[in-house]
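**Q** In case you want the letters, here they are:
Protein chains: 2
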Amino acid sequence: MKKWVYKFSSELTDGNKDLKALLGGKGANLAEMCSMKLSVPAGFTVTTEACLDYYKTNKEISPEIRSQVTEALQWVEKLTNKKFGDVENPLLFSVRSGARASMPGMMDTVLNLGLNDKTVIGMAKKTNNPRFAWDSYRRFIQMYSNVVLGINTSILESNMEDLKEARGVHEDTALTAKDLEELVGVYKSVILEDHGIVFPQDPVEQLWKAIAAVFGSWNNNRATKYREMNNIPHDWGTAVNIQSMVFGNMGDTCATGVCFTRDPSTGEKKFFGEFLVNAQGEDVVAGIRTPQPINNESKMESNKHHKTLEEVMPKAYADLVEDYKMLENHYKDMQDIEFTIENGKLYILQTRNAKRTVNASLKVAVDLVAEKMITTNEAIMRISPEDLNQLLHPRLDPKAKKNIIATGLPASPGAASGQMVFTSHAAEEWHKAGKKVVLVRAETSPEDIGGMVASTGILTARGGMTSHAAVVARGMGKPCVAGCTALVISERDKTLTVKGKTYKEGDFITFDGANGEVYEGIVPTIEATITADFATFMKWADAIRKLRVRTNADTPEDAKTAIEFGAEGIGLCRTEHMFFAPERILAVREMIFAENEMARKKALDKLLPFQREDFSGIFREMNGLPVNIRLLDPPLHEFLPHSEKDQTELGQVLGLSLKQIKERNDSLHEFNPMLGHRGCRLAITYPEIYIMQVRAIIEAAVESDKKGIKVFPEIMIPLTSELREYSVIQSECKAEIEKVFKEKNHTVKYKMGTMLELPRACIMAGEIARESEFFSFGTNDLTQTTFGLSRDDAGKFLPSYTARGIYPRDPFVSIDQPGVGFLMKHAVAEGKKTNAHIHVGICGEHGGEPHSVEFCHNIGLDYVSCSPFRVPIARLAAAQAVLRT
Amino acid sequence: MKKWVYKFSSELTDGNKDLKALLGGKGANLAEMCSMKLSVPAGFTVTTEACLDYYKTNKEISPEIRSQVTEALQWVEKLTNKKFGDVENPLLFSVRSGARASMPGMMDTVLNLGLNDKTVIGMAKKTNNPRFAWDSYRRFIQMYSNVVLGINTSILESNMEDLKEARGVHEDTALTAKDLEELVGVYKSVILEDHGIVFPQDPVEQLWKAIAAVFGSWNNNRATKYREMNNIPHDWGTAVNIQSMVFGNMGDTCATGVCFTRDPSTGEKKFFGEFLVNAQGEDVVAGIRTPQPINNESKMESNKHHKTLEEVMPKAYADLVEDYKMLENHYKDMQDIEFTIENGKLYILQTRNAKRTVNASLKVAVDLVAEKMITTNEAIMRISPEDLNQLLHPRLDPKAKKNIIATGLPASPGAASGQMVFTSHAAEEWHKAGKKVVLVRAETSPEDIGGMVASTGILTARGGMTSHAAVVARGMGKPCVAGCTALVISERDKTLTVKGKTYKEGDFITFDGANGEVYEGIVPTIEATITADFATFMKWADAIRKLRVRTNADTPEDAKTAIEFGAEGIGLCRTEHMFFAPERILAVREMIFAENEMARKKALDKLLPFQREDFSGIFREMNGLPVNIRLLDPPLHEFLPHSEKDQTELGQVLGLSLKQIKERNDSLHEFNPMLGHRGCRLAITYPEIYIMQVRAIIEAAVESDKKGIKVFPEIMIPLTSELREYSVIQSECKAEIEKVFKEKNHTVKYKMGTMLELPRACIMAGEIARESEFFSFGTNDLTQTTFGLSRDDAGKFLPSYTARGIYPRDPFVSIDQPGVGFLMKHAVAEGKKTNAHIHVGICGEHGGEPHSVEFCHNIGLDYVSCSPFRVPIARLAAAQAVLRT
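Residue numbers (my numbering), protein chains in the order written: chain A, 19 to 903; chain B, 19 to 903.
Among the hints, a few may not be true.
Given that identical chains are not distinguished, each listed pair holds provided it fits within a single copy or across any two copies.
Using 20 Å as the maximum straight-line C-alpha spacing, the simulated EDC-like pairs for lysine to aspartate or glutamate come out as follows [as the list claims (entries may be wrong)]: (1) K843 <-> E785; (2) K522 <-> D664; (3) K55 <-> D32; (4) K757 <-> D135; (5) K680 <-> E639; (6) K136 <-> D405; (7) K814 <-> D684; (8) K101 <-> D828; (9) K512 <-> E681.
Derived by calculation from the structure, the hints in this document are not laboratory data.
Excised from the complex, chain A in its bound form:
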């Protein structure tokens, strides 16, 4: 005969924590605690298979299951020395769902099952607490009516309100036993009159119906939707946990409480908790009565004069201490334990790994290793990489008052507050004047770099997670909320309007780049702190990971920050950002407007010394580490003068009229610049641009090498889609490099390779690898082209896609593994076939996102590269990837 029911008690337990699939998470954990001989209220679990059987047999509980349930019930009666339905000494049950995966709040629970018009009197007598008994019965009717009878119980709640009004009281607790008895009568007659149902008095009937109701709740709308959203199979089913009730509110020898095995806000090793005498679990949380400290260590300002559990119930406290130690040792992690003391006897109701701050997580993990409770590898798995953000960026004071006015995309973590400015120019001026400013813009463009540097944070109304503002802010480690579409920004009027209220330049604003929330005024922040534990922990992660972690950095300053965060090289140095400095942009524009190759070369000659200086600075900072430099990538029109002032200035230099400048601007317009004349396509039409750039790189490398700085330049060609295209450019660049070597009579080692950022590049990777020495996945553009989705325009519809679960995650945040990942896998496999030594990395924004880092590890990449502030996150994610495989 199949086993449909698993018993649990401290005396005998059928299950254990490994039977989650059969017993559900809750059932398995109850069994586990029982097998540790903790005093858990006895009960039994009806398996998930019984749930599936229920659906198979047309929503009938089969006789075989019924007989096993009955047998288990009798076993609980014996153990507890109570009887189900007995008038003198009634046994009551809680009936709860419990699926294999946690589905919080999705399914139903019934407490106090077994009460009826007779047992309630027995309860009252036995506990000598009629109010408690009638209140329990009232609650049971309400819950049962809702969950099992399917009645909308708002009418019952209003009956209770009516009664309170009639009695002239405000709190439920002010109702007397008599009042509650009367209320039970009212409830029953409402249920009869409105729904034609006699409230069932037979506890056994109550039980079967409750079990059926829990099974039924597996397929309620909420639960079904939740499973769809979370990819939980519909055919798992739920178990039902039927557990004898214990009460902390039966009198002064009763209590209920919550404790932590360590301090959840610091992670310090001290036993910490609160309790209330003669109370139910929810009273501890509700805050009507001030909870008492369980021991002296737990005393706080608010309760330091209260007696401790240790003092009032020393035996139960001693048992609790014994139990908490056992639990922490067993689960090898800090626990959050719920307990009830019924007539002096301690019961453990639940234990789970405790929620804690990231700093506490880190301390607990490091301490547990020191205590030899867990290995370093186990410690590594204990911290979610994304959580490290909290350690690296300022955050809002969790206790501060906040007035949320809008929510956008959490584009770059950290909290920022300051005075609003609407132009980069203003940001720079106000910053010079010593003010803290937040740059608020519809969207940013490369021309805003100066303003972004001058601001404490950037807030935009448009653009996605990989918009210009988001990418640059993350690179700078500045907080940013992007794509906050509720904001109406008028850059002309210098106002921000949201929810009908208009703010003007200089008004204070705060936002949290970690959750995308925007607040009115100033909200106090807490600065980031990095502890010694952090360093210890990261050393463990570094020792195990296989992926190298580089950084995306365009300046010596960024490079320096990244090295402090543990970067092992530069994976992407964008040369175009260097073009925007005021003293250079004019030469860039001269180059773009050049009518022929000679004029273009003349302008490029002016840029050469600047570029060389940039690279020298970066080589100096990265002494001994590889530096991957991407040649010019964006479409030329990004550099064009947009203001009439700039246009006039350029006209003067070139001897052209304003009209001519405007016409030239227009002629460079593109319908889809993302898919336009950019990347290596520029080098096919204007080879002299890349030639100037490689000359600057190699001249800087040679000079640095002569000074004793170890240089490892890697020259990267963007937007390749074909071997022949790559070959043409590579051979032109190599010819120039050979020239420089001859001129300087000095050589350095270097590599040449390409980005893979177009589907075709990935498809043709086997071909391209014949000549390319390395690949670097540009997953931002690869995602855009694979999906046919412009990240700058996706803000209008991508949120609907993720909200409706069409894409489980924003593909610009986490690599789309089935789609984009398919191309990456193909490229790595094909590339290695034709070039076994090819070095492969990723430099898209995904390089610092934990799921993506794991994917990169799994498909055999050599390194990931991300913005400096994400380097520690990538290091940890890379270590976890190793441990997960």
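Start from chain A and add chain B according to the hints.
**A** Chain B in isolation, oriented as in the chain A frame:
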């Protein structure tokens, strides 16, 4: 011993036409003609292997090869009864290259080899024609100096010019034998003085050096580049053909000519040709003397009083007739034959399949089948599908005078001439006034449809082969030249400026959409004619092809045209083109500007009857054939009002100010509209749009079905990239369809499926096929996204890519098989795995391009769909694809 040398003569032949790899194309054909016992001047071929050996042995001709050449030379001496280097009766040779693949003009040739200071005198005596002998010697020195000695012969040419001036003559022919003898002396002394080379007098030395020079020419720059461009392997090598010279210019018993076995302009079965007495081959072409007809049938106005070959050399003519019949029979195709008559004896120098007009091609192919010379399958392979364009579109009179002013992309075939207009409005007005106009625009947009309809052709300065103008023009069957970047068009001034000349509205212009050329003024055109042969021929093609051929048609008119061209259904009916009609566009704009779902539905309700009417018309025309309708695809801003007039009008309807309308226009702006809020993404955010469209389709289908029209609607969702996205939309559409069925109490069969036009859609095709009933490859967008290349912007750089051979063909014209094709293959294979019955087609522009059609056949598509005028081309290409596999 290896065979390095293959002899050929009418007596004995070592080779045949199948030995092209070893003997080269020319050598194999000479051998073939000899084995047919035609009188070909005797000679021998040194193999391509000898060429490779030459390179392997450090550019030495090995003794073994030398000895075989010497033996073959003696064999030719015996056959011709002449002696190489003999003073009395010298044997002369031509020495020519001949590779496996034709490489016209890439390698070198030396004629008259064997002449020297002594043999020239023997020649003069023997032919009794000293001028001929000295002229031959002069030519030989020039050619040999260039090819073998590597001397820049421009100085020799100027020596000749000097002499002509000194003699006071203009033509080379006016120089006497004495003059030429003197010139030979000058040549030799220049070669000696300037280059220190004594011109070689030993014929054997001449021969070895000439052979080495031909081998060397395989690796000259021109040849190497040509091979790279045409993917010809560098290790094939060239053969050398050494053939005894015959002369048509030794006197009046000599002649030279060219003949065709059928009429090359009509294909009629009549023997046709021209000749000249006492002349060289080039004289026939040069046009200094009027060639004589070979027979009465060949007489034309210009030469009808001349004597025929039949009259003047009846024996040679009779031999020629015998030979031409044999050759046509042997090669089973119309031949173009070069012959020379030396002292009354006919020699065949060359035969090849004759170039001919497409009409002639067709007639010849059909006739050859009737004559049982070839099978229908062989006939099918005789016509290049692309050439059918000539039959379907008007073309320029080839004899007309033309003044080319610019060249653009051959975007839609056919010749057009008319008066220039610069706006669609003007096009419509002038057309109404009975004028023939050409619409000249920087680029067209969907708003220009009316103007395009009113014009005889469209000429644009920007955009590529798949720009709006190109796609729409091809759909309409109208000639179009697009992306003609040399044109500077001012729509404001209504002028077109090119090469410094400005044309204004009303000036005449002509262009040829088949080659992209633009001409000043009116050039006369010839109308298209479709013959009975065409119908016969296409029937054969249809019988064999496996691919069905559908058409892309948006209107009943297009559908009708396409059916006449043999379309078997509609593969793409774009619903958005229907939105631009003046009476509809306002409702479309109302829909776009709607603030909420209700307002949007109200506007959509206005569009519903129009759409229903559109579909009814198409179903009527396509009675019994499938009609694939794509739901709305373009980004909404394509429909926005651009002129202030339209904006004001819309504002009045909506009660909005001009400023508000402009702001709303701005807010719909996208950075990369191609990758923006379009296709099924519109349906995710605004489901009511597709719901209106499916209602219109199904209502029309139901009504048509009730009238007895057989309808097979296929509803296609564009821009899908994910199964969940497709499912959401499909279920919304199906729910609406069920509603319509219930309302009408009548059902029809229909299919729902999706386009595959994004890389991710192809990658995920296995998933998507679980629900989609068909796939249709949208290869325009798929090419754009796979390459990351905007077709609208590629005009600036794509020409450099194809010119430099980076992409062998424009990927927007012919499917990029290694890249885009990889995704297509993957999608077909994966789709069939999960849905064995999935129906797969292509509706991108590539569906009518022969290479692409062949590819579609090879990867197992069910149909291709193309613009109406390309349907016959696709039908033929599909048939050829079957025969090629």
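**Q** From the Cα coordinates, with 20 Å as the cut-off, is the pair K522 and D664 best called within, between, both, or neither?
**A** neither (27 Å within a copy, 35 Å between copies)
**Q** Classify it for me, K136 with D405: is the Cα-Cα distance of at most 20 Å met within a copy, between copies, both or neither?
**A** neither (54 Å within a copy, 98 Å between copies)
**Q** Within a copy, between copies, both or neither: which one fits K101 and D828 at a CA-CA cutoff of 20 Å?
**A** Neither, since 55 Å and 86 Å both go past 20 Å.
**Q** Given a CA cutoff of 20 Å, do K512 and E681 count as a within-copy pair, a between-copy pair, both, or neither?
**A** between (30 Å within a copy, 17 Å between copies)
**Q** Should K843 paired with E785 be assigned to within, between, both, or neither, using CA atoms and 20 Å as the limit?
**A** both (15 Å within a copy, 18 Å between copies)
**Q** If the cutoff is 20 Å on CA atoms, where do K814 and D684 land: within, between, both or neither? Let me know, please.
**A** between (27 Å within a copy, 14 Å between copies)
**Q** Between K757 and D135, at a C-alpha cutoff of 20 Å, which is it: within one copy, between copies, both, or neither?
**A** neither (100 Å within a copy, 52 Å between copies)
**Q** As a check of your reading, is K55 near D32 (CA-CA no more than 20 Å) within one copy, between copies, both or neither?
**A** within (13 Å within a copy, 101 Å between copies)
**Q** When Cα atoms must be at most 20 Å apart, do K680 and E639 count as within-copy, between-copy, both, or neither?
**A** neither (41 Å within a copy, 50 Å between copies)
When each numbered hint is compared with the structure, violations occur for hints 2, 4, 5, 6, 8.
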